[in-house]
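Asks: Chain by chain, the residues:
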Amino acid sequence: EAGVAQSPRYKIIEKRQSVAFWCNPISGHATLYWYQQILGQGPKLLIQFQNNGVVDDSQLPKDRFSAERLKGVDSTLKIQPAKLEDSAVYLCASSLMYRVNTGELFFGEGSRLTVL
Amino acid sequence: AQSVTQLDSHVSVSEGTPVLLRCNYSSSYSPSLFWYVQHPNKGLQLLLKYTSAATLVKGINGFEAEFKKSETSFHLTKPSAHMSDAAEYFCVVSDNAGNMLTFGGGTRLMVKP
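For the record, the sequence lines run as chains B and V.
Under this note's numbering, the first residue of the first sequence carries the number 1, and numbering increases by one thereafter.
Under this note's numbering, the first residue of the second sequence carries the number 1, and numbering increases by one thereafter.
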């Protein structure tokens, strides 16, 4: 079974530039998550989708971050304009079940962003 | 709101000796608790989870964790460390609705030969 695919794996940009990350979840997984993991910290949820609808985006900095999940399958996370503090690994995860405590989250390998 | 505290940012053990990674949680309800492992350049993987059934939970690769409500703890243990156990470990709690996970800061486990 193919896992969660993310691209690009690494990206270096200058501040105020824009960047986009792509995620393709495991086939059949209705729930998709984007997490931000800053070096030395645990992952922090940015946004959660159920099919193509947003369940929770309370921690997404909406002035610069946006995400979409068209057709309820793959998803794109965009940052524009980037700031130095956006340097982090962006993790995508998917799950079969809506409630996290009844199932398991499957994570991609992440996209590492460095903002100079 | 729920939270988790991992008491050690780094733990170093010798191969073949026991592993103890400590986690305390804060929650106003009966939580679901998880341990995830992250090997270098790999995605996070679920080790085990507690969801109000047996308090001693067994996971993959010989790991287990015990839920202790009186101590608000969910420590991860393994009787004998292997070199392949070297990784970052995260203790995680879900919210009451079972919708959102909150991760601890992580514990980096180093295994010496």
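Please keep in mind that the hints were generated in silico from the structure rather than gathered at the bench.
Heads up, a few of these hints could be off.
To be verified - Listed next, the in silico PhoX-like pairs over lysine-lysine satisfying Cα-Cα at most 20 Å (straight line): (1) B:Lys15 x B:Lys71; (2) V:Lys68 x B:Lys44; (3) B:Lys62 x B:Lys15; (4) B:Lys11 x B:Lys78; (5) V:Lys58 x V:Lys68; (6) B:Lys11 x V:Lys42.
Said to hold, decoys possible - Listed below are several chain V residues computed to face chain B (Cβ distance under 8 Å; list not exhaustive): (7) Ala54; (8) Leu101; (9) Gly105.
Stated by the list, open to error - One side only, chain B facing chain V, incomplete, derived with CB under 7 Å: (10) Asp63; (11) Phe107; (12) Gly108.
Using N, Cα and C, we set each Cβ at its ideal position, and we do this for glycine too.
Asks: Give a verdict on every hint.
Replies: Now the hints, each set against the structure:
1. B:Lys15 x B:Lys71: The given pair, whose Cα atoms are some 31 Å apart, is violated under the 20 Å limit.
2. V:Lys68 x B:Lys44: Between lysine 68 of chain V and lysine 44 of chain B the Cα gap is close to 25 Å, so the pair fails against 20 Å, i.e. violated.
3. B:Lys62 x B:Lys15: Answer holds: lysine 62 of chain B to lysine 15 of chain B is near 17 Å, not above 20 Å.
4. B:Lys11 x B:Lys78: holds, 13 Å
5. V:Lys58 x V:Lys68: Holds - the C-alpha atoms of lysine 68 of chain V and lysine 58 of chain V are around 15 Å apart, at most 20 Å.
6. B:Lys11 x V:Lys42: Holds, because 17 Å separates the two Cα atoms, which is no more than 20 Å.
7. Ala54: Status violated, d = 15 Å.
8. Leu101: holds, 5 Å
9. Gly105: holds, 5 Å
10. Asp63: It is violated, given that the least Cβ distance between aspartate 63 of chain B and chain V is near 22 Å, above 7 Å.
11. Phe107: holds, 4 Å
12. Gly108: Hint holds; glycine 108 of chain B Cβ to chain V Cβ min 5 Å, cut 7 Å.
Going down the numbered hints, you'll see the structure goes against 1, 2, 7 and 10, while the others check out.
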